[in-house]
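Under numbering that gives the first Met the number 0, the first residue of the sequence shown carries the number 0, and numbering increases by one thereafter.
Hints may contain errors.
[To be verified] Ranges between beta-carbon positions, derived for each pair:
#  : residue 1 : residue 2 : range
1  : Lys324    : Asn356    : 41 to 47 Å
2  : Leu327    : Lys128    : 57 to 63 Å
3  : Asp149    : Pro189    : 19 to 25 Å
4  : His195    : Leu327    : 23 to 29 Å
5  : Asp194    : Arg309    : 21 to 27 Å
6  : Asp193    : Ser311    : 27 to 33 Å
7  : Asp587    : Glu358    : 23 to 29 Å
8  : Asp193    : Arg430    : 53 to 59 Å
9  : Glu152    : Ala313    : 27 to 33 Å
10 : Ser127    : Lys498    : 38 to 44 Å
11 : Lys324    : Ala625    : 38 to 44 Å
12 : Ile435    : Trp125    : 50 to 56 Å
[As the list claims (entries may be wrong)] Straight-line Cα separation of at most 20 Å, PhoX-like style, residue types lysine-lysine; simulated pairs:
#  : residue 1 : residue 2
13 : Lys440    : Lys71
14 : Lys118    : Lys135
15 : Lys102    : Lys118
16 : Lys92     : Lys128
17 : Lys621    : Lys71
18 : Lys118    : Lys130
19 : Lys92     : Lys135
20 : Lys305    : Lys316
21 : Lys102    : Lys92
22 : Lys612    : Lys510
23 : Lys94     : Lys118
24 : Lys94     : Lys155
25 : Lys130    : Lys92
26 : Lys135    : Lys223
27 : Lys288    : Lys510
28 : Lys102    : Lys130
29 : Lys118    : Lys128
30 : Lys266    : Lys510
31 : Lys71     : Lys266
32 : Lys135    : Lys123
33 : Lys288    : Lys621
34 : Lys128    : Lys71
35 : Lys305    : Lys288
36 : Lys71     : Lys92
37 : Lys621    : Lys266
38 : Lys92     : Lys123
39 : Lys123    : Lys94
40 : Lys498    : Lys266
To be clear, the hints were calculated from the coordinates, so they are not data collected in a lab. Please read all numbers here as calculations on a predicted model, not as lab measurements. We put the beta carbon where it would ideally sit given N, CA and C, even for glycine.
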Amino acid sequence: MMLVRRDADDIREIRPRAALGALIVVCSMLVLVVRLYQLQILRGDVYGAQSIANFRKSLFVPADRGVIKDRKGRTLVDNRPSFDVFLTPAFCKGKERDEVIEKLQAYLRLGQDDVERIKADYQKSWFSKDKLERFKPYLVMLDIPRDQVDVLEAHKTEMSCVNLIPTPHRSYHAPLSMGHVLGYMSEVTPDELDDHPEYRRGQTIGRRGLERRWERDLRGADGKQNIAVDAKGRELDKDTQEALIPENERLVPATPGNNLVLSVDEKLQRAADTAFPGRAGAVVAMEAKTGFILAMVSRPSFDSNKMSGRISRAELKAISEDPLKPMLNRVMNENYHPGSTFKTIISFVGLENGVINPESSVFCGGSYTMGNHRWRCDKPQGHGSLDLRHALAQSCDVYYYSVGDRAGLDAVADMARRFGYGQPTGLDLGREIPGIIPDSKTITPESGSARAHAINAAIGQGEINVTPLQQVVAYAAVANGGDILLPQIVRRIEAPDGKVIRDFEPQVVRKLGLRETSLEAVRGALFAVVNEPGGTGWRSRLQDVEMAGKTGTAQVMKLGQKQKLDPTTQAYFSRDHAWFVAFAPANDPEIVVVVLNEHGGWGAEAAAPAAAKIVSAYFKMKREDAAPAPVLPAPPLATSSVVQ
């Protein structure tokens, strides 16, 4: 009995300890199960990816960017082979990282700014919340010269974390005057990477012009090459590669981007650039009946090759501080008073609102008076009595002061907006400014009465501002019979194999609904500007084709002494802007040309001759294209001697 009782006591003592031990075992097993669940289920993909990343290095295969051609198929932009240098942080740590960066500095002749940038990018990758970020290569230097490629190849075993990636880089063959049309390329920014995960660090993206506007069509899709590496990032032998990486995962080929075929004619573009005489300004040539752009010059321009490559901070600083602003696209991103070229629009204001008819006569004595204010005519002694044809041909200010005053500011603003002023034209090249068209609701009492604004606007002065692109669209409507066209510069998009993906057709934005009598009267007056004695464009008439057009001289605000400019530059910026807008042939227009010579002076002298040269070049090229190819005489038949 004593033994039984003792055993029972022992069991009672052991039972709590056994229960505690069992509980510990169960809890341990539960913790293990939970941990396994976390590792394999919840975070299995992450750790799996990290384990794969430890032996697999992915090298992206850049896609060829689409080619850009002119309307005749001439190559304006294509790609050339080059090498970019990338570094993968996971494969060089601590002291090794410092040694690698020192070697890169020596081999690539890097400046201290570049070294600091490389170190900062390394730190950002290494300490990223995404642990896989350190396995992603980042750009060290783009487009290195051939001698540096050879040096890195010779020392690649010393820097297993460094890779040379064959990368197609843009090559711009077009004239420099097309810089604003084509744009350029530069490295994608961190913010852009957040918004566009399909890009990688170190890749380039289109900036400005067509490169930016048509980025999605041009860029293509990058491929990927997977290779097996050891812990140091060194490539393993072929057998190991085949064992670790399935064949279907070794290479994902890149898909080239689509090509753009422009409406621009490269030869006419060069002719327009050569004809333009000014330091700064713009030229636009457009098909009068389709809206397709034939040439577009903004001067000064920039070198797309230089901007897309390795450009120094000093060079960028010089560009940004240039008072002529070479990065500004004057065709569509700058405002100017239209000067007397706006008298064409005022002619329609008067005709369509019943203020005048083609035969209406206004006497010009040299000035126009309203209350206590006098507006002077460009001809101090006055033009005498003039009808519409002669008033527009001789650019009489007083005639148009009278029309603008009687029609009123809102009638002027309404007609201007119908012609497309005060709003973007919609050109497929990127952002454009709308210009300024004042009306009774937008002017302030401090700026003068609505009558005063209407008188100023009648000769293209005051608060009215337009772009050269708006001018070419408005005058095309005059030339083609009243259709406001959508200006376009891309004619079609082609696949890499040449198959047409999209063909762009001419688009009529709206019809002006102008009376035919009004159109005939104004077109006749524009003909007289160039082709009749006394017309302001008389000296720019052509012998082989009849051209119609309008000169303009737009006054500018005089610069104050606070502007830190040398006297010569100060004098230049104080000169008036010179305009000329033309279309030809006058009786059946094909081409419209706008020339703006910024601070060029008189439109008749500093803009009209250039427009005439461009029009002449257009028709010369057209005749050359139509001429049959010369037939070469057949070579004489060869004779042979046979030895019997």
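Checklist entry - Taken at face value, is the distance from the CA of Lys155 to the CA of Lys94 at most 20 Å? => result 18 Å, holds
Next on the checklist: Can you tell me whether the CB distance of Asp194 to Arg309 sits inside 21 to 27 Å?
Outcome noted: 26 Å, holds
Checklist entry - Is Lys102 within 20 Å of Lys92, Cα to Cα? => result Distance of about 15 Å is within 20 Å: holds.
Next on the checklist: For Lys288 and Lys510, compute the direct alpha-carbon distance and say whether it is at most 20 Å.
Outcome noted: Holds - the C-alpha atoms of Lys510 and Lys288 are around 13 Å apart, at most 20 Å.
Checklist entry - Does Lys123 pair with Lys94 here, judged by a C-alpha cut-off of 20 Å? => result Since the Cα atoms of Lys123 and Lys94 sit roughly 17 Å apart, the hinted pair holds (cutoff 20 Å).
Checklist entry - Within 27 to 33 Å or not, the Cβ separation of Glu152 and Ala313? => result 31 Å, holds
Next on the checklist: Holds or violated: Lys305 and Lys316, Cα atoms, limit 20 Å.
Outcome noted: Answer holds: Lys305 to Lys316 is near 14 Å, not above 20 Å.
Checklist entry - Do the Cβ positions of Ile435 and Trp125 conform to the proposed distance bound of 50 to 56 Å? => result 52 Å, holds
Next on the checklist: For a C-alpha distance cap of 20 Å, please report whether Lys118 and Lys128 respect it.
Outcome noted: Satisfied, since the Cα-Cα distance of roughly 18 Å is no more than 20 Å.
Checklist entry - Does the Cβ pair His195, Leu327 satisfy 23 to 29 Å? => result Distance hint for His195, Leu327 holds at roughly 27 Å.
Checklist entry - Using the C-beta atoms of Asp149 and Pro189, is the stated range 19 to 25 Å upheld? => result 32 Å, violated
Checklist entry - Keeping to a limit of 20 Å between CA atoms, is the pair of Lys128 and Lys71 held or broken? => result 52 Å, violated
The structure does not agree with the numbered hints 2, 3, 8, 13, 22, 28, 30, 34, 35, 36 and 40 stated previously, though it agrees with the rest.
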